[in-house]
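Q: Once you have looked at the hints, place chain B on chain A.
Chain order of the listed sequences is A and B. For the first sequence, counting from 1, position 80 maps to 79 in numbering that gives the first Met the number 0; every step adds exactly one. For the second sequence, counting from 1, position 203 maps to 202 in numbering that gives the first Met the number 0; every step adds exactly one.
Treat the hints with care, since some could be wrong.
Unchecked claim - In silico DSS-like pairs for lysine-lysine, Cα to Cα no more than 30 angstroms straight-line:
| hint | chain 1 | residue 1 | chain 2 | residue 2 |
| --- | --- | --- | --- | --- |
| 1 | B | Lys15 | B | Lys231 |
| 2 | A | Lys114 | B | Lys208 |
| 3 | A | Lys23 | B | Lys159 |
| 4 | A | Lys114 | B | Lys152 |
| 5 | B | Lys15 | A | Lys268 |
| 6 | A | Lys114 | B | Lys209 |
| 7 | A | Lys268 | B | Lys17 |
| 8 | B | Lys207 | B | Lys1 |
| 9 | B | Lys205 | A | Lys23 |
| 10 | A | Lys344 | A | Lys268 |
| 11 | B | Lys15 | A | Lys344 |
| 12 | A | Lys23 | B | Lys208 |
| 13 | A | Lys23 | B | Lys50 |
| 14 | A | Lys23 | B | Lys155 |
| 15 | A | Lys23 | B | Lys15 |
| 16 | B | Lys209 | B | Lys100 |
| 17 | B | Lys17 | A | Lys23 |
| 18 | A | Lys193 | A | Lys344 |
| 19 | A | Lys268 | B | Lys243 |
| 20 | B | Lys50 | B | Lys209 |
| 21 | B | Lys104 | B | Lys205 |
These aren't lab readings, by the way, just hints derived from the structure by calculation. Keep in mind that this is a model prediction, so the values were computed, not measured.
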Amino acid sequence: MSDLFNPSEEHLALRKMVADFTAKEVEPQAEHHDRTGTLNRELFGRLGELGLLGITIPVEHGGGGMDAAAAVIVHHELSKSDPGFCLAYLAHSMLFVNNFFHVSNDEQRERYLAKVVSGEWVGGMGMTEPGHGTDVLGMTTTAVRSEKGWVLNGTKTYITNGPDAQVFLVYAKTHGRISTFLVDRTCPGFTTSKPIKKMGMRASTMSELIFEDCQVPAANMVGEEGGGLVHMMRNLEIERLTLAAMSVGIADRCLDIMVRYGRDRVAFKQPINRFGQIQRYIAEGYAMTEAARCLVYNVARSVGPEHHNRLGSDAAKLFAAPVGKTVADYAMQVLGGAGYCDEYKVERFYRDAKLLEIGGGTLESHQKNITKDLTRKLD
Amino acid sequence: MKILVTVKRVTDYERKVKIKPDGSGFETEGMNFVPNPFDEIAVEEALRLTKEHGGDVVVVSIGPNDATQQIRQALAMGAQRGILVQAGELDSDAVARVLQKLVEKENPDLVLMGKQATDDDANQAGQLLAGYLGWPQATFASKTEGLESAEEKAQKPGVKVADGWASVAREADGGIETIKVQLPAVITTDLRLNHPRFASLPGIMKAKKKPIEEIPVASLGVDITPKVRVLKYEEPPARLAGVKVADVDELVNKLKNEAKVI
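Next up, chain A with everything else stripped away, as it sits in the complex (with noise of 0.2 angstroms):
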């Protein structure tokens, strides 16, 4: 049996256990550390047990064995009770451990790999800095060759598990070229800001890498110099096909909610499901999210190490995004007052939603992505 969001049997049996997991333990504790703005470490090294951090790491190097559809599997479970929690463990598992995993020697993965696969360390990646986001190239971090190895000056900022990681990728400017590092929370000039206060994923946390004559040892630099343009762009693919899926469960969630009431809500004598307004936003709800759910689904079966679909990717983030943004709306205006409170949860997936229009990209990147590669393919 196999089917677009099941493509074997594994699949299945991996999206009931993240699914059984995540209403018994996940659900529970969403709105405590949504208030707290704190990371559930405990829970999150559970996601370690369970084999699900280093889900895209070849078996025999201790991972999951998985490809990038398992991987939208588990952000899209985890996402339908908290979506701050998964953004916790997509910096962690995609934008670390995955893109090390690629890009990294026999040497560093020694060092690193089990850690991070175990739970034992959070990992997290600095790209965006101060004044430049969708203009990455324009990064100013720069890391010049000292004896010992690396000096990194400059900072990073808006970076998911600053706070809680022990290990980052920082991408820095060696000779005007993009250059991947590994920097230890330990390394000699490195610090973190306090946490960056936000509107929602507040169950993960946030914040600057700060690099002041920073000294990194020669042998965490990761790749060829000046190759960290490519292994940046690499793994984009798979962060914006699982931030795609965590906007595809946070719509399914608003989905059910906003069902739920509609069948229970009586106003003017009867259940609201029966007004056409109320209609309209369960009806065109369900048709975009289940729209959103095929593109996402269907991306995530050509992006993996050895194939590439950035067109899919950009398309598949550029339209899920808002849909999960809309139906927590839709959700809202059917649950009126009781929607705006906190006992729905629905206040929640609207604020956290907002963030996938933004992080890993800007809808407007993915405006500029995808008109470039389309353009590009009529020559």
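A: Then chain B, alone, in the frame of chain A:
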């Protein structure tokens, strides 16, 4: 020790079951199927016992070919191999007879079963099996330490096995009683025996390669003639709306003359 554990494929207890219009059975279209939750507890207990005492866990399901999904889930939790007896809907007596045959073939030291399946809630197969085998039985196995205890967090078995005997804390009407049964025995599990583990991703990948033996029920030579005949399924009557009474006298009057409870 070798433990045989049963896993029945049942309808998801979190979804509403719809009865067919003619009352002959349930609508299966679009239904989600899961392992019987009491059986998951039995699998977990078996895994903890074999971790402590060594040995193998063999998972048995009796049902349609799709029940391999529920067997795989138990294999993903850590059981070593599976047996699927391919059969249609059987009553508890037939299930016990089929299991008796498998027990004679497999020679386990212990059979662990959920106390009942959440679809028909019959609560009979374990007791009947022990009867047919002439083995001791301990039903409704629970844990004296409780589910918040350090023992549970350390994933220790609630069933204590030593010197060929099993000590079982069982939930009885008045509280928890502990009985000892000599092995081999049949033990059925209650809700508060343990928290079953989630199958890990590596477990799921390993389960793919674990063997599942498929046995057509007819080949076992067991009499599966139903002893229980289902005439018809119907929904329980819908609850009637309540009534408001004006005063205590009216209430007493209604309880006495209409409800006839006082």
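Q: Take the hints in turn and mark each one as holding or not.
A: Comparing the hints with the structure gives:
{"no.": "1", "hint": "Lys15(B) / Lys231(B)", "verdict": "holds, 18 angstroms"}
{"no.": "2", "hint": "Lys114(A) / Lys208(B)", "verdict": "holds, 28 angstroms"}
{"no.": "3", "hint": "Lys23(A) / Lys159(B)", "verdict": "holds, 28 angstroms"}
{"no.": "4", "hint": "Lys114(A) / Lys152(B)", "verdict": "holds, 23 angstroms"}
{"no.": "5", "hint": "Lys15(B) / Lys268(A)", "verdict": "holds, 26 angstroms"}
{"no.": "6", "hint": "Lys114(A) / Lys209(B)", "verdict": "holds, 29 angstroms"}
{"no.": "7", "hint": "Lys268(A) / Lys17(B)", "verdict": "holds, 28 angstroms"}
{"no.": "8", "hint": "Lys207(B) / Lys1(B)", "verdict": "holds, 22 angstroms"}
{"no.": "9", "hint": "Lys205(B) / Lys23(A)", "verdict": "holds, 24 angstroms"}
{"no.": "10", "hint": "Lys344(A) / Lys268(A)", "verdict": "holds, 26 angstroms"}
{"no.": "11", "hint": "Lys15(B) / Lys344(A)", "verdict": "holds, 24 angstroms"}
{"no.": "12", "hint": "Lys23(A) / Lys208(B)", "verdict": "holds, 28 angstroms"}
{"no.": "13", "hint": "Lys23(A) / Lys50(B)", "verdict": "holds, 25 angstroms"}
{"no.": "14", "hint": "Lys23(A) / Lys155(B)", "verdict": "holds, 21 angstroms"}
{"no.": "15", "hint": "Lys23(A) / Lys15(B)", "verdict": "holds, 20 angstroms"}
{"no.": "16", "hint": "Lys209(B) / Lys100(B)", "verdict": "holds, 23 angstroms"}
{"no.": "17", "hint": "Lys17(B) / Lys23(A)", "verdict": "holds, 26 angstroms"}
{"no.": "18", "hint": "Lys193(A) / Lys344(A)", "verdict": "holds, 28 angstroms"}
{"no.": "19", "hint": "Lys268(A) / Lys243(B)", "verdict": "holds, 20 angstroms"}
{"no.": "20", "hint": "Lys50(B) / Lys209(B)", "verdict": "holds, 18 angstroms"}
{"no.": "21", "hint": "Lys104(B) / Lys205(B)", "verdict": "holds, 26 angstroms"}
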